[in-house]
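Engineer: Sequence:
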Amino acid sequence: MNRNKKKREIYRTINVLNSKENSNYTGTKDIKFQIVAKLVRVNASDYSGVYDGENHGITLTVTEPTSGCTIYYKEGTTALTADNYTTGSTTKPTKKDVGTYTIQWYVHTTNTNYSDASGSNKITITQKQSTTSVKITG
3 MNRNKKKREI YRTINVLNSK ENSNYTGTKD IKFQIVAKLV RVNASDYSGV
53 YDGENHGITL TVTEPTSGCT IYYKEGTTAL TADNYTTGST TKPTKKDVGT
103 YTIQWYVHTT NTNYSDASGS NKITITQKQS TTSVKITG
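Last residue of the sequence shown? That's 140 in the working numbering, and every number before it is there in order.
Calculated directly from the structure, the hints in this document are not laboratory data.
Predicted model only: the values in this text are computed from it and were never measured.
Check the hints yourself; a few may be wrong.
Unchecked claim - Capping the alpha-carbon separation at 35 Å, the derived lysine-lysine pairs in DSBU-like fashion look like this:
hint, residue 1, residue 2
1, Lys76, Lys97
2, Lys40, Lys94
3, Lys34, Lys76
4, Lys94, Lys137
Based on the sequences and whatever the hints tell you, model everything.
Structural biologist: Have a look at this one:
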């Protein structure tokens with residue numbers, strides 16, 4: 003799973019206080035630090051099963067944050083990124099025919115305390131075994 007980190011640079015002036023052990027020093031120090039957004043938490047899994055004529059899809063759930071996220075999907079091997087995720091659809095794709103399908107996904111969040119996430123999962127549907135029997139007489 004790929005994560006797209008949001009960063010905010012913060013500049014602060016910190017007052018250096020006199021120490022109880024040594025009162026000979028006082029002053030200020032300018033420091034720079036970054037606050038990195040927490041990563042969106044996603045549970046995603048493949049689907050694998052035998053053909054049954056029904057539609058099946060990957061499972062994807064955003065567990066954190068609990069609101070402010072939109073999931074985009076696209077079938078194929080080209081990853082969805084921060085630059086192209088809107089080319090995907092918010093409708094989760096499903097498949098019912100035999101084959102292996104790669105589903106790209108991208109979770110975009112409007113919550114500035116979190117970073118977007120992306121990845122891919124597969125839908126695999128295998129052939130159903132024939133239950134037809136043939137009786138030869140003669």
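Engineer: CA of Lys76 to CA of Lys97, is that 35 Å or under?
Structural biologist: Within the cut-off at roughly 13 Å; holds.
Engineer: Measure nothing beyond the straight line between the CA atoms of Lys94 and Lys137; if it is 35 Å or shorter, mark the hint as holding.
Structural biologist: violated (45 Å)
Engineer: Holds or violated: Lys40 and Lys94, Cα atoms, limit 35 Å.
Structural biologist: Judged against 35 Å, a Cα distance of about 25 Å means the pair holds.
Engineer: Are Lys34 and Lys76 close enough, with their CA atoms no more than 35 Å apart?
Structural biologist: violated (40 Å)
The earlier numbered hints that this structure contradicts are 3, 4.
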